[in-house]
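Student: Here are the chains, one letter per residue:
Number of protein chains: 2
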Amino acid sequence: MQLDWQLGHAATRDSVPERWIQAAVPGAVQLDWARAEGWPPYWQAEESKRYRWMEDVWWTYRTRLAVPPPEAGGVVRFECGGVDYQFAVLLDGRVVHEQEGMNTAFAVDLTAHAGRTVELAIRVAPAPKSRPSPDDRAQANHAFKPAVSYDWDFHPRLVPLGLWQPAAVVVHPALRFETVDSTYRLNDNLSAATLDLCCTIAPQPGARLQWQLLAPEGERVVLERELPAAARELSWRDELTWPELWWPHDHGAQPRYTHVVRLLDAQGAVRAERRWRTGFRRARLVQYPGQWSTPAGNQFPKPRTEPPITLELNGRRLFAKGSNWVCPEIFPGTVDRARLAPLLQLARETNFNLLRCWGGAAVMPEAFFELADELGLMVWQEFTLACNCYPDAPAYLAVVDRESRTLLRRLRAHPSVVLWCGGNELFNNWSGMDDQSLALRLLDRNCYELDPLTPFLPTSPVGGMAHGHYVFWDHETEREVWSLFQQAGATAYTEFGVPGAANADVLRRILPAEELWPPRAEGSWKHHHAFASWTPGHHLCLAVLERYFGAIDSLEQLVALSQWMQGEGLRGVFEEARRQKPRAAMALNWCFVEPWPAAANLSLVCWPAEPKASLAAVAAACRPVLASAKIARFQWAPGDAFEPELWLLNDRPEPLPSLAVEAVLEAGEKRFPLVAWRSPAAASDTNIRGPRAHFVLPELGVDRFTLRVGVVGRPELESCYVLSFRRTEQPAEHRPMNLG
Amino acid sequence: MQLDWQLGHAATRDSVPERWIQAAVPGAVQLDWARAEGWPPYWQAEESKRYRWMEDVWWTYRTRLAVPPPEAGGVVRFECGGVDYQFAVLLDGRVVHEQEGMNTAFAVDLTAHAGRTVELAIRVAPAPKSRPSPDDRAQANHAFKPAVSYDWDFHPRLVPLGLWQPAAVVVHPALRFETVDSTYRLNDNLSAATLDLCCTIAPQPGARLQWQLLAPEGERVVLERELPAAARELSWRDELTWPELWWPHDHGAQPRYTHVVRLLDAQGAVRAERRWRTGFRRARLVQYPGQWSTPAGNQFPKPRTEPPITLELNGRRLFAKGSNWVCPEIFPGTVDRARLAPLLQLARETNFNLLRCWGGAAVMPEAFFELADELGLMVWQEFTLACNCYPDAPAYLAVVDRESRTLLRRLRAHPSVVLWCGGNELFNNWSGMDDQSLALRLLDRNCYELDPLTPFLPTSPVGGMAHGHYVFWDHETEREVWSLFQQAGATAYTEFGVPGAANADVLRRILPAEELWPPRAEGSWKHHHAFASWTPGHHLCLAVLERYFGAIDSLEQLVALSQWMQGEGLRGVFEEARRQKPRAAMALNWCFVEPWPAAANLSLVCWPAEPKASLAAVAAACRPVLASAKIARFQWAPGDAFEPELWLLNDRPEPLPSLAVEAVLEAGEKRFPLVAWRSPAAASDTNIRGPRAHFVLPELGVDRFTLRVGVVGRPELESCYVLSFRRTEQPAEHRPMNLG
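The listed protein sequences derive, respectively, from chains A and B. Note that the working numbering gives residue 459 to position 459 of the first sequence, counting from 1, and the numbers run on in steps of one. Basically the working numbering = 1-based index in the second sequence + 1000.
It should be emphasised that the hints constitute simulated quantities derived from the structure, not laboratory data. Note that this is a predicted model, so its numbers are computed, not measured. Certain hints may be false.
Below are the DSSO-like pairs computed for lysine-lysine, each with C-alpha atoms no more than 27 Å apart in a straight line [what the hints assert, rightly or not]:
id, chain 1, residue 1, chain 2, residue 2
1, B, K1581, A, K630
2, B, K1049, B, K1129
3, A, K630, A, K581
4, B, K1630, A, K581
5, A, K630, A, K49
6, B, K1630, B, K1581
7, B, K1049, A, K302
8, B, K1526, B, K1581
9, A, K302, B, K1302
10, A, K581, A, K302
11, A, K302, B, K1670
12, B, K1302, B, K1581
13, A, K526, A, K581
Just chain A, same shape as in the assembly (with noise of 0.2 Å):
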């Protein structure tokens, strides 16, 4: 039964709302006020700063309705999948429901009202702030709500409020399932799976409960079992042998089986019904080879070795290649599978195979988990803590221990989710929390309780990972970012970005015409983080792109220019994080869709799902196996000794045949054959590194040239590098826009 519901606001939390309008639900109560007011979409201009006053206020929802009868034995229920962030639950102005934590479902028993009508109401108290002012991320350091909502460099101030999930009036009969769960443990050597169900139920003399398992290719029934349905509690062990695995796409298939309980009367008729789908899968985060004889040598005092970060699963070993994730919408409760599916199978055909979502961030619908476990993407799920230092307090505590139950219950029967972690940069100097910190020894603890077989990091980075940079070019060490990465020994790169410009249409969508060029440190353009993001001229970066590329004369230069350094540079990222395997085990960059259309940021696609140009370089570079160079920088010179390395980067579990690669450099018509490499047979997960190329430049009469790394026969495996070039004739002074 959906309900009709009305929304005001108020000053304090026992003041009347003076206006009511319609609410939807699930929603935000932002979404509403701004459809009831008429006003423009806010992600466009400085829209956005409009719904400042709403987080600060307190909202009501109300509704009216006639509570239905249940049969003799049911139940009638509020039931709600979560209001964002604390309320309280009135039914006829008394509160019977109180809650901290936008994840945990929560039910109010109707049964004693059947027949009459009731009010309902929710009163969403402002958003949690542990200090009033300044408007940053800190002032959610005591709560488990997105921090990214309070202000971040690619999300505006605009903290969500209200009930993000459906919420409806249900009728259970008498036979019901109050709660179904179900877990798994593999053997060894993979070859059974120990099934546990658990249910409790509202018993009935003569019921049994049913359980089905269902096979992966459709209705075919591979474990059966009934047992009486006559005790609030029912476990029962059951074992599959040979379950078909999990895996990630570019490894395997992605078999999912379905679990179908039915509790079914005395008589045999199906009262209540569940059903799920689940896969099995072993994850586990390994030493890569090698790596127990690091630190190396017989050297005292000797520390430990670095921790494991290289996934393995179903027992073998992969590189794990993606992006981070955030929430694609301002107000995540927006956020359904329509939303959803272009996006997963965009980063999937990305030859991405995992996706770190970060603790920023809302955690996504199950729609997400349901599309990742088909498309076989493997998910990092991280807690929502990030870039702040959360509290030992134990009123905290009770809310992260409830709230981190929840999703893990919720989350844990998807193969996909490969890896727990407790947020986001928590052990760094901005964060300040550390090893003994109580939150993430609680979500340690529940995950070993509820799902001790899946990994769990503290936080990323730990030990031997590390996160950054976020520049093409390093203003501290004047650097560019393929250097910083060549000389860098991570275990894991797991966050790294370089800018780029928002694609021109995106840009005319939320620009106000007049603002649109050139772009300034003011209005719109650094209300959408083109500047003043992260450093004065984050993400727009003009004056890296002037030293680069000299004056830029119109929106379309610009952006191809800045899509053009960005797809470089996480091409040259990505492979040598690759070429760094097995040390390197990961390689996942910032980030893979914005929540709202910057106007330079960090992503591959922009909002809502338009692909920048860099998309397809970091597509190329993700390919399973391909012909790869090591190159020394991003622009080049008459007279430059031109040196790019050749290597062919293989993370198939097959190996691979004697190749003949050869590299050309190609700059308009010319064409300079460079080196030509008659590869080795390669074992399988296995990179290779061949001969480096020699070649002082000419004066080529072009402001770019082509790096083709060809595989005779194998076209799939090419790599194409696209390089500046300056020409002698060019000017050499720069004529900067002065921004940034």
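Fit chain B to the given chain A structure using the hints.
Tutor: Just chain B, lined up with the frame of chain A:
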């Protein structure tokens, strides 16, 4: 009611022993059998080799007893504090209890047999082994049993088994305690402690529970509560304002409060009483000042900041100085207060404030922790895992779970226990566990649940920390231990050692007269760890001694030179670690006292309790305040530039005034003033680096000289370093004994 025990052994579980001997409880089967056989002490010569077979047979303890009848409603039980290691309890031939794990006490209810005579038997399985051979520590890698007894470089192969804890038949009244537990939590400013008491009882109508907290100085009641003892579970919360805080001895007093809980019957008579002492302190691991700015600079990709390892007690950072602690007996059941008190008194007199109870050894009995509480010695307590890869197997985890809960409940009331740790060196390649190992996640979970405010380390070393070296002279790097540490940069040196021979009288006691001189790499010298215990030459290191001193002519000379080197080596490491404060926060040598009389090892005290000469040097290095010198090496020659750098080391919470420091070189009757320094005033807990002396060594005409660093008017701060001098007339060639 004490019991008379008989003991026998058989080859299989179900065969009956052929011979029964008298058994002492608590004790060990080995001690009983040796006594019955009249063997010489196991620590003489190679006697301990005789015991090898005892670990592979089934041992049975038996006793006959007339079960005394309890009062109406009362119970009579067989209660045992612990059996080592896997065992069954049989009552008249029927198994009534089975258990794996030596630490968890158990009880068998005999009430139904009151008035009858029964036979009680405890059948102890052979020592657990994960594989039959070779005989090494890896056999213990599926057990929560000290790995040390399976053979270590300071411990012979000798695996204790049997009733190592007291066992008795106890008659309980109807009104009685089953469990009694209390915890506390200090508030942020340490001005109040919230105390929780939780009891399970056998209740009685009209009965009352009385809870008193007595002040440290005596029987003055500071808190008193009574509640009806009418339910099985009783809990109570109360608050103590301004509790006197417990400190380690070098920082304050050791106030210990006494809990008294009593059950009073309806007539007001005390029917049961429990009494135990506790202390209030807040222990944390915190970053050192400046640690959050590491890794330094704005370098990307950026790793995490290293984990904190600086102990903070009651809000004050402490430099931890101490030793690793191993059980001082091969048979832990023989360790009592009388055995421990002089050792712990000695540790305090050595200026130690922290003992690391190492995971390879048995957890100490209550007396150890009571003494540590009394004496103000902090304890780092590890669970029983060391240098092995303990499995993720559910059966093993169940034992770890039970045993660790037992230990946590038992020890958490002791203010001295400031740090829990999963075990020793588990994250190094000789062990092979890592951050994902389930046993360590389980231990973290149990510590979080049962003692969340005491810090937890998964193992030692973790990131930033380091173990070793265990030599004076390192063959690999051709450097002395001083320079190894002067180059190191760990956050905590939680194991390091320098070998030293045992005292001459100890050697005479343990080695047969015919083997005593010269030492040979065989027989009793070898069996007592002087040779081949780690490298072929360890721990006597004759070749190193001869490298420095030439041929050695007598046992007395050998001992003197070896202990001199050990003392100066360790003094140099302790003082260097302190000079590295605040980055370095701990210096814990390996080890304090050995579990049996080694002929040479790394300990400071010979078994049972005889200090080596080196102990005095360590005690001097660990004074809270001292004048110190950083010296490049131990041995010098004419013409060398001797350039000690002066320091004042201050671990006190008070500042140091300006002091007049002077360094003088003394050689026989000669006296060379090197440098005088008027130090600036120093802040509390802060070292000061002074000038470096420059002195070209003349021919001194002696084989050793003293660097005396004195402080005018403060003789207690003076340090004297005794250094080796190689006279020019001394023959350069060595006369090695060719032993190691």
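Student: Run the structure past the numbered hints and jot down the numbers of the failing ones, going up.
Tutor: 1, 4, 5, 7, 8, 11 and 13
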